[in-house]
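There are 2 protein chains.
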Amino acid sequence: MQLQDYGFGTQIRKSPFFDATLRWGAKGFSVYNHMYIPRDFGDPVQNFWNLVNDAILCDVAVERQVEITGPDAARFTQMLTPRNLSNMAVGQCKYVLITNAEGGILNDPVLLRLGETHFWLSLADSDILLWAQGLAVHSGLDVTIREPDVSPLQLQGPKSGEVMRALFGDSIMDLRYYWWREMDLDGIPLIVSRTGWSSELGYEIYLRDGSRGNALWERIMATGLPLGLKPGHTSTIRRVEGGMLSYHADADMHTNPYELGLGRLVDLEMEAEFIGKAALRRIRDTGVTRKQVGLVIDGAPLDGPNTRFWTVWHGGTDVGHVTSAVHSPRLDRNIALAMVGAEWAEIGTRLEVVTDSGMTGATVAEKPFFDARKQLAAA
Amino acid sequence: MQLQDYGFGTQIRKSPFFDATLRWGAKGFSVYNHMYIPRDFGDPVQNFWNLVNDAILCDVAVERQVEITGPDAARFTQMLTPRNLSNMAVGQCKYVLITNAEGGILNDPVLLRLGETHFWLSLADSDILLWAQGLAVHSGLDVTIREPDVSPLQLQGPKSGEVMRALFGDSIMDLRYYWWREMDLDGIPLIVSRTGWSSELGYEIYLRDGSRGNALWERIMATGLPLGLKPGHTSTIRRVEGGMLSYHADADMHTNPYELGLGRLVDLEMEAEFIGKAALRRIRDTGVTRKQVGLVIDGAPLDGPNTRFWTVWHGGTDVGHVTSAVHSPRLDRNIALAMVGAEWAEIGTRLEVVTDSGMTGATVAEKPFFDARKQLAAA
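One line per chain: the protein sequences are A and B, in this order.
For the first sequence, the positions run 1 to 379 when this note's numbering is used.
For the second sequence, the positions run 1 to 379 when this note's numbering is used.
Note that these hints are calculated values from the structure, not bench results.
Quick caveat: nothing in here was measured; it's all calculated off a predicted structure.
Just to be clear, a hint being listed does not mean it is correct.
[Claimed, not checked] Simulated pairs of lysine-lysine, DSSO-like, Cα-Cα distance not exceeding 27 Å:
1) 27(A) with 291(B)
2) 14(A) with 291(B)
3) 14(A) with 14(B)
4) 291(B) with 94(B)
5) 94(A) with 291(A)
6) 291(A) with 277(A)
7) 291(A) with 14(B)
8) 277(B) with 291(B)
9) 277(A) with 94(A)
10) 14(B) with 27(A)
11) 14(A) with 27(A)
12) 27(B) with 14(B)
13) 14(A) with 94(B)
14) 277(B) with 14(B)
[What the hints assert, rightly or not] Partner residues are not named here, just some residues of chain B that face chain A (Cβ under 8 Å, in silico):
15) 117
16) 128
17) 139
18) 185
19) 188
20) 236
21) 300
22) 302
23) 306
Note that CB positions come from ideal geometry on N, CA and C, so glycine has one too.
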């Protein structure tokens with residue numbers, strides 16, 4: 001297929017930054033929320049080093065927004081998630097899980113509260129727009145649910161703060177972790193938040209006018225290039241180091257928050273109702289039979305991320321599967337996220353993994369494998 | 001990215017037929033319902049001729065099934081679609097639209113009635129599983145909604161009947177258009193229907209055990225090869241000739257059935273309620289402001305399908321956009337589907353289209369551009 005075309009008609013959407021990413025060297029795309037996302041600029045390891053040493057600009061327009069407005073917007077939004085939103089201020093963001101009636105995870109978006117009755121869910125890869133519209137039909141709540149013209153970029157890495165200062169002035173340095181602010185750049189309307197998917201210092205820049213994608217990308221790169229900014233893409237290496245989830249890989253509709261060790265995102269004591277409350281109470285009370293763990297896999301460095309779910313064995317018993325695995329050049333280890341039977345989840349447990357090159361030993365390990373903030377604190 | 005890997009981790013699912021399609025020559029994949037679909041076996045024009053002259057086997061496991069069961073399954077399924085299902089027999093299939101409360105199209109699946117209270121929606125590309133589960137929460141209806149382990153193949157083309165006879169015996173020749181039957185092949189559990197996405201004689205073979213994908217593919221190819229069967233993929237050329245929709249390209253949440261000329265799939269007179277009834281009544285009464293049309297585009301043969309929505313002009317006025325365009329080698333014409341202002345929709349209207357190679361003339365034309373059944377009747 002031709003690079004410029006990405007080939008199969010108009011069925012998959014192009015981001016407002018699509019042409020810009022091609023100009024700046026994008027070599028391969030994946031598809032996420034029915035849209036192309038650049039996932040290769042030639043060398044994923046170099047992209048990782050650019051992210052952890054400098055800063056990268058990534059097209060994540062695939063993070064589609066579900067906008068919830070109307071008099072009952074706050075009540076409806078709380079209904080969508082087990083996380084307690086009662087103390088969420090306008091200006092704040094929260095990482096939330098969306099669960100169905102069985103307590104299964106449908107998505108793990110970042111929620112932004114733009115106003116008392118105005119919310120955005122910045123999505124992982126599933127049509128929560130349909131879930132929310134479906135829920136609303138018989139809910140008796142007065143809400144409007146739609147996808148606005150909003151396309152995020154991620155500006156991530158230790159130098160991202162300096163790039164942001166150069167773009168927006170000193171005042172942006174006050175923006176706190178998981179808060180957002182309304183900004184503009186040469187008249188281009190934006191929301192800027194201190195969030196990301198890298199475990200590094202980072203920002204998301206939400207373009208609110210799809211016709212200005214080229215202008216915004218070029219403006220950021222022109223300002224950032226002298227400060228060390230590179231074009232890039234979300235880094236599998238860094239996000240596995242950080243123990244961050246990739247929806248469909250590490251979690252799906254049949255995964256519950258407790259299996260992921262994300263009980264902190266579930267408040268069963270709050271009065272408000274949310275979808276999945278009864279099921280999650282049952283799960284909490286009976287306990288989970290499997291748990292997500294970190295694994296360090298023995299052997300030669302993996303060539304790239306696993307593209308199959310690798311079976312995990314203990315002796316002759318199939319005890320689970322590896323969901324995401326990659327070689328970290330910084331840790332010089334093959335690191336992975338895996339879902340295994342609860343009795344095999346203890347740190348230090350020795351297991352075997354069937355990788356593409358055969359059966360290999362592995363050890364259950366603490367995650368996140370690498371925590372930039374702990375490193376910074378120790379420095 | 002490596003062909004074997006399709007490379008960005010486990011976030012995109014592989015079909016049970018993925019390895020088989022690689023072995024049989026798949027060269028490029030797209031993504032549909034969070035899953036890889038082969039869309040290139042080297043030459044899309046040859047694939048078209050294979051389809052219209054012989055028969056092709058296509059991996060369409062991406063057509064995920066939404067299964068609706070439970071005492072209220074029939075009532076709930078009717079709620080999902082404006083098409084009147086009151087006379088739908090067990091054993092029948094129907095092409096239906098799924099609409100939201102605004103009458104916008106969320107999907108255009110084939111519905112199978114497997115039992116009095118047992119339905120499958122065989123999906124186009126959107127998470128109707130989430131829409132249906134969301135709707136069910138406050139519906140007061142007793143239904144179970146899940147994605148079963150079902151992965152369809154399409155066996156399409158004039159020789160598909162002979163291949164089916166060789167696989168399943170003479171009795172399969174009685175299977176009527178848009179009916180299904182439960183079958184097995186070497187013990188592999190299947191549903192077989194006379195449906196497809198090609199406007200040719202064709203069948204869909206729904207594998208009901210994902211672990212048997214290789215066995216099923218090889219069995220069908222071994223039987224079919226001497227009868228002219230080729231491995232292939234859904235053909236953009238043939239489906240545009242047939243005027244068939246590709247969801248996200250030719251229709252989306254902001255498209256209503258009347259704009260597509262699909263009023264026959266909406267029954268506003270039936271007593272049963274369905275989502276979107278009030279909105280669709282309003283739209284029918286006021287009329288639509290834009291309509292889907294067929295276009296024949298002047299100039300040299302297009303290289304491949306359009307990958308952007310091309311603007312359609314009349315004189316100096318922007319009157320709409322081309323959604324799907326391709327060169328038909330059989331008709332020796334560039335044919336397209338377009339959404340244009342209702343006043344420009346009359347057959348014979350001359351318009352201009354901005355293709356990748358500049359402004360070109362175009363004429364509104366009758367669709368389907370090619371109807372195999374009319375040809376057969378005339379022969």
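**Report entry** Hints violated by the structure (numbers, ascending)
**Finding:** Structure breaks hints 1, 13, 14, 15, 18, 19, 21, 22.
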